[in-house]
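Visitor: Read off the chains here:
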Amino acid sequence: MKKIVLMGNPNVGKSVVFSRLTGANVIASNYPGTTVDFSKGKMKIGKEYVEIIDAPGTYSLEPTNKAEEVALKMLKEADVVINVVNATNLERNLYLALELLEGDIPVIIALNIWDETHHLGIQIDEKELENLLGIPIVPTVALTGEGIKTLVSRIKEAKTNEEIKPTSREGRWIEIGSLIEKVERVEHRHHTIRDRISDLTIRPLTGLPLAAGIIFLSFWIVRLIGENLIGYIFEPLFEELYRPVITGLSNWLGPGFIHNLLIGQYGVEIDFVESMGMLTTGLFVPVGMVLPYIIAFYFMLSILEDTGYMPRLATLLDNVFHKLGMHGHGIVPLFLGLGCNVPGALSTRTLETRKQRFISATLLAIAVPCMAQMAMVFGILGPYGIQYIGLVFFTLVFLYIVMGLIMNKFVKGESPEIFLEIPAYRRPSLKVILKKTWMRVRWFLREAIPFLFAGVLVINILYSVGFLQWLGTVLSPVMQGLFGLPGESGVSMIIGFLRKDLAVGMLLPLGMSPMQLVIATTMLTIYFPCVATFAVLVKELGIKDMLKSAAIMVGTAVTVGFILKLVLLGV
Amino acid sequence: MVNNMEHQDISLLNLSRNKKAKITMIHGGRGLQHRLDSMGIRNGKEIKVVSRQPFRGPLTVEIRGCQMTLGRGMARKIMVEVL
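Those protein sequence lines, which keep their order, are chains B and S.
Be aware that the first sequence starts at 187, since it is given in the numbering used here, and climbs by one per residue.
Be aware that the second sequence starts at 419, since it is given in the numbering used here, and climbs by one per residue.
Honestly, the hints are just simulated from the structure, not real lab data.
Treat the hints with caution; some may be incorrect.
[To be verified] Derived PhoX-like pairs (lysine-lysine); straight-line CA-CA distance at most 25 Å:
(1) B:Lys-335 x B:Lys-595
(2) S:Lys-438 x S:Lys-495
(3) S:Lys-463 x B:Lys-368
(4) B:Lys-252 x B:Lys-233
(5) B:Lys-509 x S:Lys-495
(6) B:Lys-595 x B:Lys-734
(7) B:Lys-541 x S:Lys-495
(8) B:Lys-617 x B:Lys-252
(9) B:Lys-228 x B:Lys-342
(10) B:Lys-335 x B:Lys-226
(11) B:Lys-368 x S:Lys-440
(12) B:Lys-228 x B:Lys-189
Remember, predicted model here, so these are calculated numbers, not experimental data.
Generate coordinates for the entire structure from the input sequences, incorporating the hints supplied.
Guide: This is how it looks when you write it as structure tokens:
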């Protein structure tokens, strides 16, 4: 099958074009570095199926980070390249275009974000550019789909240009200079409201208070949406519709292993969190407790991403992150990680050096709880009072900073400065936001429910053979002595490797005090990532660095657990 | 009568906000030169500073309507002539 690869600078809309072409959905946002890996999809051109590959963005064919290396690898496989170009920044985008044309792969250019050129007073003579470059050029607005049909119909016209020979950087810029002179006119325009907002959000005096406000407001909205979804939709659904069904099933099944496995202990009232049946806990934890917050979180994150606010936040916080051995772009793994650590770990690829990636991945695993885990912490500690939740988060923020400072000192390697494009603000479309939220929610359901079922299954089997009871007794001296926790909480730490949310749920029947719960949930965050994140980290860091990282995690968890015991329990 | 102050090159770091300037020289190694170059920061380009973060934080600059954030170390190596 013919391979068509989408190449272009970061944040020009390659992923949106990809979604338009293939109908497959990939996450697209308004910041450079959203795509860090390739996605493959298929489409039909005429009677023939072709493979479309979405590659990470790159400014040139000489890579500066891991994501760009992926792009170059994809290019080597290409039969045809669709070079997606940001029409509002034609000059710089033409650099990569020329580099591509120096090669021997046929190229077609999609002149994307075409609608914005009118607002910005930019006029491009695309016909003339087509003549000069000798390859087809199609104006597109991928977000609305404009021009995509023409793009598809002209893919077969993609060609190489023998006249463009490999040259120096200087040579390319001279060529670009003369091209721009012939095809682009830029009118002077006045400051718009959008420019004003951009200025206000990136200048420190106004930007920092606004950033604090925006972050606070975002979390407040996440809680508001999450709580209301639970209170008005999910809880009534489970209590009023689902409970009778399960109670009926329980009576019909009668006591036995199957009952224990599906529902939990026979003869006691069903508790959706504690019963540990596949159809009770296994379904209620992901759907009834975690899903509402996942929906709320990804809704807000999508808005932040699509407006183009993230790079501005990265600029404002660069200072802090630089002291932690990363730079401002480290905000991206952190924010994505708050949803799920897996995409968070993947996004560390946009950082340039091994040191930066190591620190950002390790901090992610140590101090960034995913939304699934947070939702459970809200659910379990919430009833005791917000101060306990505050204590968990205070400890984690403190750890993020302190461990960052320490690792910055001791991890060898460079931590280069930030160098980041700031995209223009865009008004996010509700339709796109909802679609993106849905894509991520669906991904969560597909990932979470199988693991939760597996977790519940494992717990039931190990419990029925007496292994967990034995393990609880064995771990008791350690858990009790070092952290002031009951021995069974050690079992939940082990289950935490499968799913952290389930592990938090397992703490509930142990009858711990709120302070003990604070210690246990904090340790659950720090000590080790879940298996899904672990697999990604091994791939991203390599076995050797992952072992180092894991040692730091376990060491930190033990130290923090012990200190918390001394401080919070006073023993 | 040679060379009055206005025509002396200064580092981008010292360029006041919203003042237009032209890049005259970029110091630094090939790696940095190349990175800046492929983002469109190169000799002869008109540049202005949009914002400057405190405590040795990064600068945000604008070239041809396109904004980017870069660290002080890089900014120091970019010499400009105020227009």
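Visitor: Hint by hint, say whether it matches the structure.
Guide: Against the structure, the hints come out as follows:
1. Pair hint Lys-335 (chain B) plus Lys-595 (chain B) does not hold up; C-alpha atoms about 54 Å apart against a cutoff of 25 Å.
2. Using a Cα cut-off of 25 Å, the hinted pair Lys-438 (chain S) and Lys-495 (chain S) holds, with the two alpha carbons roughly 17 Å apart.
3. For the suggested pair Lys-463 (chain S) and Lys-368 (chain B), the alpha carbons sit about 18 Å apart, so the restraint of at most 25 Å is met.
4. The suggested pairing of Lys-252 (chain B) with Lys-233 (chain B) is violated, with an alpha-carbon distance near 36 Å, which exceeds 25 Å.
5. A C-alpha spacing of about 22 Å is found between Lys-509 (chain B) and Lys-495 (chain S), which places the hinted pair at or below 25 Å, so the restraint holds.
6. Restraint check: the Cα-Cα separation between Lys-595 (chain B) and Lys-734 (chain B) comes to about 15 Å, which is no more than 25 Å; the hinted pair holds.
7. For the hint pairing Lys-541 (chain B) with Lys-495 (chain S), the CA-to-CA distance comes to about 24 Å; that is within 25 Å, so the pair holds.
8. Between the alpha carbons of Lys-617 (chain B) and Lys-252 (chain B) the distance comes to roughly 32 Å, so the proposed pair goes past 25 Å and is violated.
9. Of the supplied pair hints, the one linking Lys-228 (chain B) and Lys-342 (chain B) holds, its CA atoms being roughly 16 Å apart against a limit of 25 Å.
10. The straight-line distance between the Cα atoms of Lys-335 (chain B) and Lys-226 (chain B) is roughly 20 Å, inside the 25 Å bound, and the hint therefore holds.
11. For the proposed pair Lys-368 (chain B) and Lys-440 (chain S), the alpha carbon gap of about 22 Å is at most 25 Å, so the pair holds.
12. Taken as a hint, the Lys-228 (chain B) and Lys-189 (chain B) pair is honoured in the structure, with Cα atoms around 9 Å apart against an allowance of 25 Å.
Violated hints for the displayed structure, listed by number in ascending order: 1, 4 and 8.
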